[in-house]
Amino acid sequence: MSAIDVGAALPRAKIEILPALTPLIVAAIAAPFIGSWSTFATLTLAGLAMGMMIFTMASGLTLAFGMMDVLNFGHGAFISLGAYVATLVFLPLAAWAQADSLMLNFAVFGLALIAAVVVTGAFGFVFERVLIVPVYGQHLKQILVTLGGSIVVEQLLYALFGPEQIPISPPASFNGSFVFGEAAIEKYRVVAMGVGLAVFVAQIVVLNRTRIGLLIRAGVENREMVEALGYRIDRLFVGVFMAGSALAGLGGVLWALYRGQVHASMGGELLVLVFIVIIIGGLGSVGGCFTGAILVALIANYAGFLAPKLALVSNILAMVVVLLWRPRGLYPVSGR
Amino acid sequence: MSESLTLQGVHTHIGRYHILQGVDFDAPGGHTTMLLGRNGAGKTTCLRTIMGLWKASRGAIRLGSAPIANLPASAVARSGVAYVPETMAVFSDLSVRENLLLAAREGPLDEARLQWIFGFFPALKKFWLSRAGSLSGGQKQMVSIARAIVEPHRLLLIDEPTKGLAPAIVSGLIDCLKEIKRGGVTILLVEQNFRVAREVGDFVRVMDNGRIVYAGAMAELAEDPQLQARLLGLSLDSHQ
Amino acid sequence: MRLLSGEAPRGGALRALLILVFAALMLAPFLFPGAKALNVAEKICVMALLAASYDLLLGYAGIVSFAHVMFFGIGSYGVALALYGLGPGWGAMALGAAGGLAFATLLALAVGLFSLRVQAIFFAMVTLAVAYAFNVLASQLSNITGGEDGRSFQVPDALKPGFKLAEIGGFSINGRMLSYYLVFVFCVVLFLAVLRVVNSPFGRVLQAIRENPLRAEALGYRIVFHRTLATCLSAAGAAAAGALNAVWLRYVGPDTALSFSIQIDVLVIVVIGGMGSLYGALLGAALFVIAENYLQALIGALSKGAANLHLPVLPSLLHPDRWLLWLGVMFILAIYFAPTGIVGKLRKAED
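Residue numbers (our numbering), protein chains in the order written: chain A, 1 to 336; chain B, 1 to 240; chain C, 1 to 351.
Each hint should be verified, as a subset may be incorrect.
Under the rule of at most 16 Å between Cα atoms (straight-line distance), these lysine to aspartate or glutamate pairs were calculated in the EDC-like manner [claimed, not checked]:
1. K181(B) with E199(B)
2. K141(A) with E211(C)
3. K55(B) with D69(A)
Don't read these hints as lab results, they were simulated from the structure.
Taking the hints into account, I'd like the entire structure generated from these sequences.
Set out below in structure tokens:
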């Protein structure tokens with residue numbers, strides 16, 4: 001076997017298992033308090049679905065920060081934008097959404113996802129070139145500028161679409177639930193989980209099996225050395241930023257359908273959760289982001305059932321606990 | 001074919017600090033030039049400036065006849081320069097294979113070339129799929145150098161490759177460098193270890209306070225202990 | 001100024017403006033009769049203190065925090081709940097204010113010490129999350145805090161609007177005026193205190209740490225101590241501003257005391273006024289509050305005009321509710337083109 005077996009499996013990396021088990025630990029702790037198995041199953045499945053959606057929104061942000069030290073406080077705007085774009089697709093194609101045909105339902109859903117991805121990706125390009133490029137390397141200004149940008153975008157959305165919430169529902173065949181004994185999971189959540197998983201798998205494949213993925217992983221660790229090897233990493237970064245924005249838009253569509261409404265402020269509210277996830281996961285790490293998203297979503301669902309008023313606070317507490325245990329997150333990237 | 005590296009009147013400022021204060025020298029093509037000097041003399045800054053990681057505030061840098069001053073680092077790399085930094089800058093989360101794959105910009109890894117590299121760095125073959133971060137210091141240095149030679153380059157900039165390494169590994173590195181030299185590549189090598197410098201270097205340039213204070217053939221410096229003491233501050237024996 | 005700060009405002013134009021603003025605020029009840037004008041003046045005082053304490057952290061220490069409004073809210077709720085629960089007495093008010101300040105300072109201490117373990121960027125995100133959670137918590141613990149609707153409460157007699165101390169030359173020295181001067185005096189005193197802090201050796205070390213933490217550490221300064229202390233002082237200032245504001249409004253609620261939009265406002269004020277300059281915070285606050293109150297009406301008129309002319313998107317873009325849109329644009333422009341803010345521009349004009 002040649003030493004350069006290009007089809008070789010993933011590198012024999014010693015991945016630490018314990019951080020990945022934290023969601024299981026949380027589930028195990030919550031189970032006795034919840035009592036009934038069916039409720040536990042329902043909550044856990046709901047948590048997994050929510051985790052996938054949040055992961056979709058968060059992964060782009062963590063990679064952008066890992067690669068270029070750019071923290072986009074305007075990321076929430078892309079989430080909201082994606083959701084609004086979905087309404088633009090669902091409105092004229094309402095007949096398809098309400099039809100009894102699985103194919104038409106998936107078609108309109110797919111179109112909405114594609115539209116959101118394309119629009120927010122393009123928007124991400126503009127955002128990066130106009131707002132972020134002038135302040136590369138200046139963290140403080142980056143935070144302020146992107147925050148300003150998100151306010152402007154949010155207000156523009158209000159101005160263009162009106163300040164009221166816009167209702168939006170998943171296509172007909174996504175309504176209702178799959179029932180397993182006494183546990184139930186809404187059909188739509190299964191779809192969302194599927195999309196989220198697909199995104200995760202796609203990211204893992206791209207990062208580990210393609211040259212671009214190689215560049216991204218190396219760039220997250222040591223941007224300067226990648227440049228010294230002859231790669232124009234700033235171009236790569238624009239691509240990563242656009243992909244991150246597109247994924248935020250995708251997540252926005254999933255979330256809006258999940259909640260049944262679209263509102264410009266949803267992005268900002270979700271951003272707090274996204275921040276918690278990427279902090280817990282470790283800035284720059286996709287695997288950490290995935291674990292963090294599941295963890296946060298499970299906590300939100302369990303706490304939402306056990307102590308609804310403390311749902312958000314429990315996530316903050318979880319973040320504090322994780323940081324005390326692992327100050328750089330569950331799966332920190334080397335060299336940061 | 002083999003091209004010289006030329007610096008003329010190069011100044012580099014880092015913030016408020018004026019580190020390179022008019023560096024003039026040439027590294028003759030196809031030969032190995034040692035860049036020696038005390039700590040803080042500006043050797044690493046010199047290499048980084050040539051590589052384009054830091055901008056020269058003044059002066060000209062040429063590889064052969066092509067000017068490379070003030071090009072971004074990626075452009076300098078693409079014009080045929082490879083850099084082995086003092087920190088090694090191995091990508092810890094990537095495997096050894098992936099580290100080399102990244103360095104092979106032209107395409108897939110050349111099997112023959114790889115075997116040649118494995119010849120003096122057998123550990124790389126052993127740890128081919130292991131995470132580079134789990135390797136020892138010496139092995140990481142091997143990865144860093146292997147990266148620079150996995151494809152042919154016109155100029156190699158190498159910064160203190162033997163720092164902190166065991167003598168046995170240092171010997172291996174010396175053999176490796178001698179092998180690489182045979183390919184006709186121009187090398188600019190920063191080294192604190194005078195034994196290595198003497199065995200590998202054809203020419204020597206000594207830096208002090210951001211300027212070149214001596215330029216000549218290595219053979220001359222090697223035979224003159226008084227000159228060594230004056231330039232390098234210590235006699236060569238203590239540098240082993 | 002010179003006695004207290006060692007840094008008198010440089011530049012004639014700057015000095016003139018500051019004196020103008022100060023004089024206007026000091027004589028507000030007499031110069032600008034009417035409830036709205038007095039409200040504007042009070043808000044300027046409070047925002048100036050809030051912005052100054054924020055600038056201590058952002059401009060001088062170089063720490064980005066989104067928890068400032070949380071401390072403001074703690075001060076507000078402290079006073080409010082004390083007056084609500086213990087009755088409208090001076091003792092209750094003092095107790096509430098002191099309690100709010102103490103709690104804010106302790107919380108800031110915890111936050112400050114925690115920040116050791118995480119990177120600066122982490123810190124900004126963590127403060128955002130914590131502040132948001134606090135906001136949500138305040139809304140949800142409605143038994144204590146009054147929830148979304150907040151709490152109205154009564155203030156000591158002398159501060160009640162109905163109270164009348166005397167009539168002097170046509171001006172009525174009533175509870176409103178006394179409340180205003182309570183706010184004004186405390187804001188001035190605390191503002192000067194912050195001024196003293198930033199111009200002290202402590203303040204200079206903070207700036208050194210901001211510029212080059214590694215070097216500062218090498219020089220022997222305890223970064224931990226300085227940053228944590230700065231966080232606590234900043235929080236205390238915010239809490240004081242919150243307490244004063246609550247007394248003026250005689251009401252506290254998530255929208256007036258904890259809303260993220262207040263945090264945005266403070267951020268905008270500090271940036272537009274000029275980071276690293278407390279005079280900038282004062283001028284920025286004055287400019288901002290006046291614009292918010294009077295320009296919004298102007299924009300509203302423009303919006304109506306555009307609607308009458310049947311122009312397509314303009315009416316909704318210029319709608320007074322979209323005030324934040326233009327604020328955001330100005331904010332972004334200020335960061336690019338006027339990073340030293342108004343103060344920087346004024347000083348430059350002098351040179």
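Comparing the hints with the structure gives:
A C-alpha spacing of about 12 Å is found between K181(B) and E199(B), which places the hinted pair at or below 16 Å, so the restraint holds. Restraint check for K141(A) and E211(C): satisfied, since their Cα atoms lie roughly 15 Å apart, inside the 16 Å limit. A threshold of 16 Å between alpha carbons decides the hint, and for K55(B) with D69(A) the separation of about 21 Å lies outside it, so the pair is violated.
Checked against the numbered hints listed earlier, the structure breaks hint 3 alone; every other hint is satisfied.
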